[in-house]
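Asker: Given chain A's structure and the hints, the job is docking chain B onto it.
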Amino acid sequence: MGLQSPYEGVAICAPTTVPYVRFSPESAHWWAGAALQSLAQTTGLGPADIDGFCFASFSAAPDTVVGMVQHLGLSPRWMDHIPTGGASGVMALRRAARAVQCGDAEVVACVAADTNQIDSYRQTLAGFSRFSQDATYPYGFGGPNATFALITDNFMRQFGVTREAFGKLCVAQRKNALSNPLALMNKPLSLDQYMSARPISDPVHLFDCVMPCAGAEAFLVTTPKKAEELGLSSARILATIERHNAFAEDSVQFRGGWERDREALWQRAGCRPEDMHCVQVYDDYPVIVAMQLADLGFCEKPDLSDFIAANEFTISGSLPLNTNGGQLSAGQAGAAGGFQNLTEGLRQILRCPLGDRVQGAERALVSGFGLVNYDRGVCTGAVVLERQALR
Amino acid sequence: MTEPLPTPKRKDPLGRSTLGHVPPGLRSRAATEMATYAAQGRFVLQSCDRCRSVTYPPRDRCPTCWGTLTWVDQDSGARVEAVTTIRHSTDNFFRNHMPWRIGTVRLDAGPVAIVHLHGDVHQGDRVRMTLRLDRGGNPALFAMPKEETPNMQDDPQLRCFTAHPKHRRILVTDGRSAIGQAIARALLKAGAQTVFLGDADPLMRYPGKAEIEAQEGIEPVSLNMTDSGSVQELAAQLGGRVDIVINTACFVRPGGVAFGAKLSDLQAGFDLGVLGLVRLAQGFAPAMSARSDDGVNSAAAFLDILPVSGLSGQFGYAGAAASAAARLSLLSGLRGEMQQTGIRVLSVLTGPVDDDWHQDLPQPKVVPGQLARAVVHALTEGQEFTCAGDVAKDLFARWQANPLLTMREENR
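Order-wise, the sequence lines are chains A and B.
Numbering-wise (our numbering), the first sequence opens with residue 1 and increments by one.
Numbering-wise (our numbering), the second sequence opens with residue 392 and increments by one.
For the record, the hints were derived by calculation from the structure and aren't laboratory data.
Small disclaimer: the values here were computed from a predicted structure and weren't measured.
Beta carbons: idealized from backbone N, C-alpha and C, even for Gly.
Check before you lean on any hint, since a few could be wrong.
[Stated by the list, open to error] Beta-carbon label-pair distances, calculated as ranges: (1) B:Asn802 with A:Phe247: 52 to 58 Å; (2) B:Pro454 with A:Arg272: 34 to 40 Å; (3) A:Asp250 with B:Thr423: 45 to 51 Å; (4) A:Thr64 with B:Asn793: 44 to 50 Å; (5) B:Pro794 with A:Ala61: 39 to 45 Å; (6) B:Ser723 with A:Glu164: 52 to 58 Å; (7) B:Thr481 with A:Asp250: 26 to 32 Å; (8) A:Glu263 with B:Trp457: 28 to 34 Å; (9) A:Arg272 with B:Glu394: 53 to 59 Å; (10) B:His513 with A:Ala310: 57 to 63 Å; (11) A:Glu164 with B:Thr481: 27 to 33 Å; (12) B:Arg407 with A:Glu26: 34 to 40 Å; (13) B:His513 with A:Ser190: 43 to 49 Å.
[To be verified] Listed below are several chain A residues computed to face chain B (Cβ distance under 7 Å; list not exhaustive): (14) Phe128; (15) Arg130; (16) Phe131; (17) Gln133; (18) Ala135; (19) Thr136; (20) Gly142; (21) Ala149; (22) Asn154; (23) Ser201; (24) Gly270; (25) Glu274.
[To be verified] Covered stretches of chain B, going by a simulated chain A footprint (3 or more residues, C-beta under 8 Å): (26) 403-417; (27) 444-453; (28) 496-509; (29) 716-729.
In isolation and in its complexed conformation, chain A is listed as follows (with noise of 0.2 Å):
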């Protein structure tokens, strides 16, 4: 398998998120619909200017990319649905980059976005897939939580990490959220209090879930030039790795795809895990994200207590992770649960951050992680992402 191809020509911009709320009565179409009203007021971008258009969500249904983009007056040349969850930011940066690189549109509004009504959540679980309706899910209902109890209960023995270490990432990414004023998990947390919180799936306690909710992300991807038109601060990419249902073999899931194409993405990149200067990781449950930090070349697995317990994880601290709380404090919103740590990635390297800013920020690793179609979750991917202008 050669290198992959540069991204040249290629400029991400306007990082968007409409500010999250618990349950909402709207719909999927309501929130995409704010996502890109507040994607224009960045961009002075209407309708008719956006001719490339992706979309990522789980509440839209009966409808796809198709039905938003006529509900939502768009006219594109160039669309696509990424059914992916977890994953869809990645991978929507993927698809829409090459798509601007080839010329096959211009400017790409790339939009998540998820509902969260009252009991949708249950629904949303019973018919969440084939796999998990039929054998998963009929299982005591325990929802994803669950399933990455199973996944983490084996991840603790086999690795030998601690509920002490899974707590560490959960203080210190609390503590980041508490910059943002869009987190809906605004009061402090200490290690006590994780330690000592009600179990919702052992080993899983509470504040090793995240709290569903309603919101949208979005971000532009076009061409330098467009960016440097529109007066948009950008970001290059320098290096993006995809896999889907990696390592089927495993028992019980220790290990995603990105530890299978690790070299092809930092090769490409030219720089190491320690070139990053923030790292915003899916974090639907700390072991993914202890798990992704090994996957992507941090560390060993063996090694994770250790490199756990040497870093601080926080913004003004070393390895700033999840820098506005990521999911597990800021709140998930479906499929834009996969996009938030793209444009917070962004964010923090543009210098236009919700909360406290890692100084001198110009590189970040955004890792996504997505849908537990069964046993464990399916699709993963990579980006590194570079400045490119501030404007």
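Answerer: Positioned in the frame of chain A, the structure of chain B alone reads:
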């Protein structure tokens, strides 16, 4: 080790019963096919017709070579890789049964599965996998201890997948027959609290009456299944105190269709066997449905014993077979209704029984003890289809392989 089930306390008559929810019921067609094997207590997984690789969860094509798949009996061994205790669920059924333990197992047959765990099963254990039906009639993988453990059947999670007689109050519709009496005794031995023993004609003595009525736990009741009033009256009396209904009533007379048939026999057979089943269901199913999740002695099952000839017809016993065929059809309908309320509808299929009305048939025939064992097995396993005796097993297997051939074979 499993704590023995406590004797249920007397129920507060003013308290609201826990509603009988069923676990989430949405399933693919492939999973529904898996349920047909669970109904027989068979541990099956899909195997590829081309490359023979075994797959799970239920798929529609082989993930190795894209060949077509067939359900095949499998080695039931497995190892528990990971375990969790779920303490929070948004589903109403599981919410009422928290905490609930599940695990990831590596099956000896190959695939990995998420399964329900028996309380005596832990991480790292070798286990015996079983394929069962949940209360909603859907297939469920349940990991059992490899060896028998004390009070194993009393495990609260396992109990959700069975209709075990222990501590339950059971109506046996016809105690006048040797079969009814054998079943009543076997149920008491299996831990039933009470057996209400039906008698269609309490003024007439029957063989064994004094002995069976003297047994502790037996409560004779008047029940004539050809009389709607009698069934309704008993249902009104017993109402919410019957946890399992076992229909042992049957009327078999020799006779063909054009030759040797007596219409009066046919009518009597249908009145007792077919309409009687409907009367019984109408009388008892509603109250049972309301109590399907009512603690240790929740209502659990409606079991019918009927001739296996209902599948195929039978030369020389055409009327009895026709009555059985009608019952099978009604049971399918009743099963569909009761799956929504969490009550199991179980069929015990029997070959000719060793009684006065099957004298002209060759051996082997089914003796009462065999039927009693089959009934207890069906209840303790929660198994929808159970064959009592070799004739029923043989015919059922042939019928599954080729129903039309079996009909020809049985009617010449």
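Asker: Give a verdict on every hint.
Answerer: Hint-by-hint comparison with the structure:
1. Range check, asparagine 802 (chain B) to phenylalanine 247 (chain A): about 56 Å between beta-carbon atoms, so the 52 to 58 Å window is met.
2. Judged by the Cβ atoms, the range 34 to 40 Å given for proline 454 (chain B) and arginine 272 (chain A) holds: they are separated by roughly 36 Å.
3. Evaluation of the 45 to 51 Å hint for aspartate 250 (chain A) and threonine 423 (chain B) yields a failure: the beta carbon distance comes to about 29 Å.
4. Between threonine 64 (chain A) and asparagine 793 (chain B) the Cβ separation comes to about 45 Å, which falls inside the hinted range of 44 to 50 Å.
5. Separation of proline 794 (chain B) from alanine 61 (chain A) is about 41 Å and conforms to the stated range, judged on CB atoms against 39 to 45 Å.
6. Distance hint check: the CB atoms of serine 723 (chain B) and glutamate 164 (chain A) are about 56 Å apart, consistent with the given range 52 to 58 Å.
7. In this structure the supplied range 26 to 32 Å holds for threonine 481 (chain B) paired with aspartate 250 (chain A), their Cβ-Cβ distance being about 28 Å.
8. The given range of 28 to 34 Å is respected by glutamate 263 (chain A) and tryptophan 457 (chain B), whose C-beta atoms sit roughly 31 Å from each other.
9. Checking the proposed 53 to 59 Å range against arginine 272 (chain A) and glutamate 394 (chain B) shows it holds: the Cβ atoms sit about 56 Å from each other.
10. The hinted range of 57 to 63 Å is not satisfied by histidine 513 (chain B) and alanine 310 (chain A), whose Cβ atoms lie roughly 34 Å apart.
11. For glutamate 164 (chain A) and threonine 481 (chain B), the hinted distance range of 27 to 33 Å is satisfied, since their beta carbons lie about 29 Å from each other.
12. Restraint check, arginine 407 (chain B) to glutamate 26 (chain A): a C-beta distance of roughly 36 Å satisfies the suggested window 34 to 40 Å.
13. For histidine 513 (chain B) and serine 190 (chain A), the hinted distance range of 43 to 49 Å is not satisfied, since their beta carbons lie about 33 Å from each other.
14. A hinted interface residue such as phenylalanine 128 (chain A) counts as satisfied when its beta carbon comes closer than 7 Å to some beta carbon of chain B; here the least separation is about 10 Å, so the hint is violated.
15. Against a cut-off of 7 Å between C-beta atoms, the interface hint on arginine 130 (chain A) holds, since the closest Cβ of chain B lies about 6 Å away.
16. Here the hint on phenylalanine 131 (chain A) is kept, as its CB sits about 5 Å from the closest CB of chain B, short of 7 Å.
17. Because the closest C-beta pair between glutamine 133 (chain A) and chain B is about 5 Å apart, less than 7 Å, the hint holds.
18. Interface hint status for alanine 135 (chain A): upheld, as the beta-carbon distance to the closest one in chain B is roughly 4 Å, under 7 Å.
19. Proximity of threonine 136 (chain A) to chain B holds as hinted, the smallest CB-CB distance being about 6 Å (cut-off 7 Å).
20. Using the Cβ-Cβ criterion of 7 Å, the hint placing glycine 142 (chain A) at the interface with chain B is satisfied: the shortest such distance is roughly 4 Å.
21. The interface hint given for alanine 149 (chain A) holds, since its Cβ lies 4 Å from the closest Cβ of chain B, which is under the 7 Å cut-off.
22. At a threshold of 7 Å, the smallest CB-CB gap from asparagine 154 (chain A) to chain B is about 4 Å, leaving the interface hint in force.
23. Against a cut-off of 7 Å between C-beta atoms, the interface hint on serine 201 (chain A) holds, since the closest Cβ of chain B lies about 5 Å away.
24. Because the closest C-beta pair between glycine 270 (chain A) and chain B is about 37 Å apart, greater than 7 Å, the hint is violated.
25. Because the smallest distance between the Cβ of glutamate 274 (chain A) and any Cβ of chain B comes to about 33 Å, over 7 Å, the interface hint for this residue is violated.
26. Check result for the segment 403-417 of chain B against chain A: holds, 3 residues qualifying (beta carbon to beta carbon below 8 Å, three or more required).
27. Look at the segment 444-453 of chain B against chain A: 3 of its residues bring a Cβ nearer than 8 Å to a Cβ of that chain, three or more, so the hint holds.
28. Only residues whose C-beta sits within less than 8 Å of a C-beta in chain A count toward coverage, and the segment 496-509 of chain B has 6 of them, enough to reach three; the restraint holds.
29. Taking a C-beta to C-beta cut-off of 8 Å, the segment 716-729 of chain B contributes 0 residues in contact with chain A, too few for the three needed, and the coverage statement is violated.
Going down the numbered hints, you'll see the structure goes against 3, 10, 13, 14, 24, 25 and 29, while the others check out.
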